[in-house]
Structure formats: C-alpha cells, structure tokens
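With the sequences and hints as input, model every part of the structure.
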Amino acid sequence: MNMTTNANDGVGHTGESIAVEPAVTDLPGHYLVLGADHPMRLVSGQLLGPFTVAYQAYGELNADKSNAILVCHALTGDQYVAETHPVTGRPGWWEKLVGPGQTINTDDYFVICVNVLAGCMGSAGPKDIDPHTGKQFGLNFPLITITDMVAAQKLVVDHLGITQLFAVIGGSMGAMQALVWAERYPEMVYCAIPIAGAARHSAQNIAFHEVGRQAIMADPKWSGGDYYDKNDSPERGLAVARMAAHITYLSDSALHTKFGRNLQDRQAITFGFDADFQIESYLRHQGRSFVERFDANSYLYITRAMDYFDLAAEHEDTLSSAFKDSPVRFCLISFTSDWLFPTSESRRIVHALNAVAASVSFVEIDTESGHDAFLLDEPEFFRILGGFLHGASDQRKLATLS
Amino acid sequence: MTPAETNNAARIRIDQKLIADMIATGSRVLDVGCGDGVLLDLLVHERQVDGRGIELSQEGVNGCVARGLAVVQGDAQTDLHNYPNDAFDYVILSQTLPAIFDVKGVLGEMLRIGRCAVVSFPNFGYWRIRYALAVQGRSPNSESLPYTWYESPNIRFFTLTDFTDLLAALGLKTERIITIDVKGKANTRGRIGHWSNLLTEQAVFVITRK
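Protein chains in written order, with our numbering: chain A, 1 to 402; chain B, 1 to 210.
In case anyone wonders, no lab produced these hints; they're calculated from the structure. The beta-carbon is built from N, C-alpha and C at its ideal position, and this holds for glycine as well. Among the clues, some could well be false.
If you anchor each label on the Cβ, the simulated ranges turn out as follows [as the list claims (entries may be wrong)]:
| no. | chain 1 | residue 1 | chain 2 | residue 2 | range |
| --- | --- | --- | --- | --- | --- |
| 1 | B | L167 | A | K324 | 30 to 36 angstroms |
| 2 | A | Q264 | B | E151 | 16 to 22 angstroms |
| 3 | A | A207 | B | E151 | 44 to 50 angstroms |
| 4 | B | E151 | A | F273 | 52 to 58 angstroms |
| 5 | B | A24 | A | K324 | 21 to 27 angstroms |
| 6 | A | E316 | B | R209 | 28 to 34 angstroms |
| 7 | B | R209 | A | R184 | 34 to 40 angstroms |
| 8 | B | G171 | A | H159 | 55 to 61 angstroms |
Chain A is nowhere near these chain B residues, computed Cβ spacing over 12 angstroms in every case [stated by the list, open to error]:
| no. | residue |
| --- | --- |
| 9 | N62 |
| 10 | Q95 |
| 11 | P98 |
| 12 | L133 |
| 13 | A134 |
| 14 | Q136 |
| 15 | V182 |
| 16 | K185 |
| 17 | R191 |
| 18 | H194 |
What follows is the structure in structure tokens.
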C-alpha cells in the first residue's frame, strides 16, 4: 500500500478522501487516528482518512523495541485477546495462549492486537459516522480488503516506533493477515505464524459467506444496511449467518461427540419445530449471543474482505513469487479435522515457500475440534507454537525483559 | 570438543556424528527424513548452518518444530521437486535410502537442489547380515537394521558395492566415502573393495554432480 495522496493507480475513485468519524464508545483500550495528513489509499482505489483504529496491548515494549508480537484476529474476533471481553464479559479469545507465563508470555513479549478495518469494536467501520451526512455509513463505507487491514496495522506499528515485529501471528483470517504482512513488509517481520489459514478463500468458503450475507440481507430490518438510527438491527439475519458459519468451524465428529442426537431438556421429540435437539439449541444460543457484540454490516464487509483474498492473484497466479527472497521465518500450523481451511491449503503455502527456499516450519495438529481448534486449549498446538517462538527468539538473540 | 558432545550426545548416531563433522560452518543444509531433528539441531546450534528439514512422520515433525527447527511434514519422494535448483550446499539423507521407492529419482533431486548429497545407509553386504541369511537362514538384523522383517520400513536392500555401481551408472561423482565397522570405527576409503564391503556395517557417501 502506498500512503501518498497524489498517487493515482488508475483504480476506482480518486480525489476526495473518505473521513470517518468514530461512533461514541466507552470500550477500553487504545485509539489512534490515522490518515489525517496523508489519507491511506485502499486497494479499491478510494482514499481513507482521517479514520480511527482501536488496538489493545499487553506486556511492555523493551528498550530496543524488538519484542513486539502482532496478533491478528479472525473474522468475528477483536482486539481483546487476553482480557475479559468488555461487552460479553467472557474471557479473551486467546487468553489461554497469551498472558503472563502463557505460551505467548506477556512478561517477555509486547503483544498488540488491532481491531480490523470495517470491524465494530472501535476501528473505522460501517457503523461509524460519515461527517458529510452526519449519519452512519452503512453500505456507503468503502470496501476493505485484507491488505487494507494490514496497511492500517502497519501504521499502528509505525506509530509505536517498532521497526520490526518479532512475530505476526494469527488464525483463519488472522493467518491471511500474517501472510500479507510477510508479503508486503518482509523486513518488518522476523517470523510469521499463519494458523489454520490459506493464501486464498476457496469457492466453498465464499459460498458459505454468501449464505451468511444473504441471511442478513433477507432480514427486513437490515433495510439496505441503513438500520442504525432505527434502533432495530437485523438480529435474526445475523444470528442465522452466525449459526451457519459456526457449523463450518466445527467438525462432524466434534458435533457427534459433543451433541450426538441428544435431546434438549426433554425426553422425546415433540413433533414440532422447537429446538428438540441439543445441537439446535446450541446453534440458536451461538446466534443469539453473537448479535449482542457484532454489527451486521461489519459482518458483510469482513466476510467480503476474506472472499476477495487471493495472494497469488497479485503475483501472476504464482504464490511463490509473493515470497521471493523472503527473510521471514514461517511457521504454518493446520488441524486435521479443519475442513474450512484444510491442511491442503497450508501445504500449498508450504510448497510455495519451499520453491523460493524460504525458512518454513509446518505442522498439522491431530484434533477433532475442526477449524475452531486454533481458539481452543490444544496442548500440542501450544507446545509447538511455544517451541517455535523459543527457537526464533534464540536465533534473534532477543533481549527480553526477563 | 566435538559437536557430538552436546546434550544430544547420548542420542546422536555415529553416522550422524560423521555427517555433522563434514558440514562446513554456516552452510545451507536440508536434512531429508530428519526424524526427531537430532542432527539438524546439532548443525544449527554448533555449526550455525541455515538448516531445514523434511520429515514424513507427524510425531517427528512436531518434535522438531517444538525445538525451534525449520521442519515441514513431507515426503522425500514427492516434495523435493518443490525446491529450486542449488538451494542448498548439502542435502542429507541419513539411513532413509533403504525405505525409498524411487532411489534414482530422489538422488537426482537431491543433487538438483543441493551442491552435495550426503547419504548414509546400512550395508547389506556386511558379513553378519550375510551370515544371518546364509547360515542361520533368517532375515538379518543389525544395529542399523533393527527392524523385524514384518515391520521394517525398508524396501531396498543393497550393499556398498551395489551403491557404488549405481553412482557410476548415474554418472555421479563420489567425493568421499566413510565406512563404519561394527565397533563404530570410521575409515575414509578411496574405493569400495571386497573386504570393505564385507566388514562395513554402514557407510556415509558424499556425492556431487560430475
């Protein structure tokens, strides 16, 4: 991404920059206004700025600023990695992995996580205010790509005075961001750890996302994305989208083990359409609790960003070209029962990295937890990730705080 | 004193120690079939090599990555073709050749992606093996052939002489041969004669393109 205001790559709009006025929020963490002097050019060609990003940080940056780890969150994640979530009150999504004494030890590392562009936890997104109209953007918010999300993160890293991140790590959509970091800013990344990821969103993945989007758009309360001042959002549609997506995060065997055909609080089927089965009740609960913390339009935008992701496409369909002469040490991790981002997608990246003789570690973790495994307590995953980080920090002779 | 005298000293095999001793400091190394990474670990930490590994078993790979080694899960017979020409100074294949189906293909790939191929293998011409088969009438076992016939991953049974014949047929150059006898004594050989084929339990070959 270039940040110059006068560059004209001939794509999309030019001219006036899109300013984003953040919605009023009392969410904890750090906020940074970006693109005020030099708007950021989005991949779509549009200019963005000034706009706000929200990020959270744990641990302390050491004197030479060499101990920073950027955690990239997934589709419905956010910057509250290792603390009680301010909206749901539930533990941080990677609290088992990130924290004092944990695998990603915040006594040693300075851990940053930025809420992605188009997100709804404080970074610029469709629920923010368009100063021209004084109304929420809704679908007038510009389309965001994974590359744009990373470009905004880079501005945060620059702002913190960090010239090289020790590691960029993320699962699922976070893995896509880690790959873009390694591709776009290889000198700024000592090691990249894409977990349960892919270098492109597959047709099947796009298909599932489209089902989710159509569920939202089919909810009359969605109103073409213009629902914010109606105090009534498309919760039903968003909940259905979440339910469908949630199935893709689990495996058949995990569902069978956890729920089987067990009935929910009843002795027999009711010959009706109540949630007779535990799995139904579970999915309904997943849908209901999701809408409390997520914006439907953000869901549209972020799923679209994932759909558009195809790293090889920018390199004449040769993925290895994206990583030619890369100094980055890669560690890829996949999970056996993950059918959403299957091992074959990670292996494709490994082969591309081998083709340019990049330094790459690759493990497939045996688990029945499906795609969600990267969010769960998987001892073998933690052991391997910890070992890789330890080895990499040895190699870098990292001056840690402890 | 020697690289073998590390924490790994107890676990490192004699052929791995000999291989480690012939790898130049700071070189680029690919260990094909690197197992639990003992040799690679030693090379990376004692010889400061830029070391990579491929290992078939998931357990081996996980162990390697957990100790900070750049190892990927893969198969020597299908995955070497992903690497570019001359990516490495040394491509190591220790005690894995007997389990390889396409021996010629793998040797060719090793020497495409690497300047030198370093290959160690058990000698099927070793006298104890001949004795087991000829006199005892049993499938042979030795320290470097520890498997029972029904569990062995090995599918190629070849002698030192067989191997030198193959190298000659492929037009490859033998830079160095080290033979190891039953007591673990290593000898550098100019060529393989009848006696060394009889007395050598395992050997390490350094091979280059002509």
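Here is what the structure says about each hint:
1. Distance hint check: the CB atoms of L167(B) and K324(A) are about 34 angstroms apart, consistent with the given range 30 to 36 angstroms.
2. Range check, Q264(A) to E151(B): Cβ separation about 49 angstroms, and the 16 to 22 angstroms hint is violated.
3. At roughly 45 angstroms, the beta-carbon separation of A207(A) and E151(B) lies within the given 44 to 50 angstroms, and the hint holds.
4. At about 56 angstroms, the CB distance of E151(B) to F273(A) agrees with the hint of 52 to 58 angstroms.
5. Between A24(B) and K324(A) the beta carbon distance is about 26 angstroms. The supplied range of 21 to 27 angstroms therefore holds.
6. A C-beta distance of roughly 31 angstroms is found between E316(A) and R209(B), which places it inside the suggested range of 28 to 34 angstroms.
7. A C-beta distance of roughly 38 angstroms is found between R209(B) and R184(A), which places it inside the suggested range of 34 to 40 angstroms.
8. For G171(B) and H159(A), the hinted distance range of 55 to 61 angstroms is satisfied, since their beta carbons lie about 60 angstroms from each other.
9. Against chain A, the non-interface label of N62(B) is violated: not every CB pair exceeds 12 angstroms, the least being about 5 angstroms.
10. Residue-level check passed: Q95(B) sits 23 angstroms from the nearest beta carbon of chain A, beyond 12 angstroms.
11. Listed as outside the interface, P98(B) is consistent with that label: its C-beta sits roughly 25 angstroms from the nearest C-beta of chain A, beyond the 12 angstroms cut-off.
12. Every CB of chain A lies more than 12 angstroms from the CB of L133(B), the least distance being 39 angstroms, so the non-interface label holds.
13. Against chain A, the non-interface label of A134(B) holds: every CB pair exceeds 12 angstroms, the least being about 44 angstroms.
14. Against chain A, the non-interface label of Q136(B) holds: every CB pair exceeds 12 angstroms, the least being about 41 angstroms.
15. Distance to chain A confirms V182(B) as a non-interface residue, since its nearest Cβ pair spans about 37 angstroms, more than 12 angstroms.
16. Against chain A, the non-interface label of K185(B) holds: every CB pair exceeds 12 angstroms, the least being about 35 angstroms.
17. Its beta-carbon lying about 34 angstroms from the closest one in chain A, R191(B) satisfies the requirement of being farther than 12 angstroms from that chain.
18. Interface exclusion of H194(B) from chain A stands, the closest Cβ pair being 42 angstroms apart, more than 12 angstroms.
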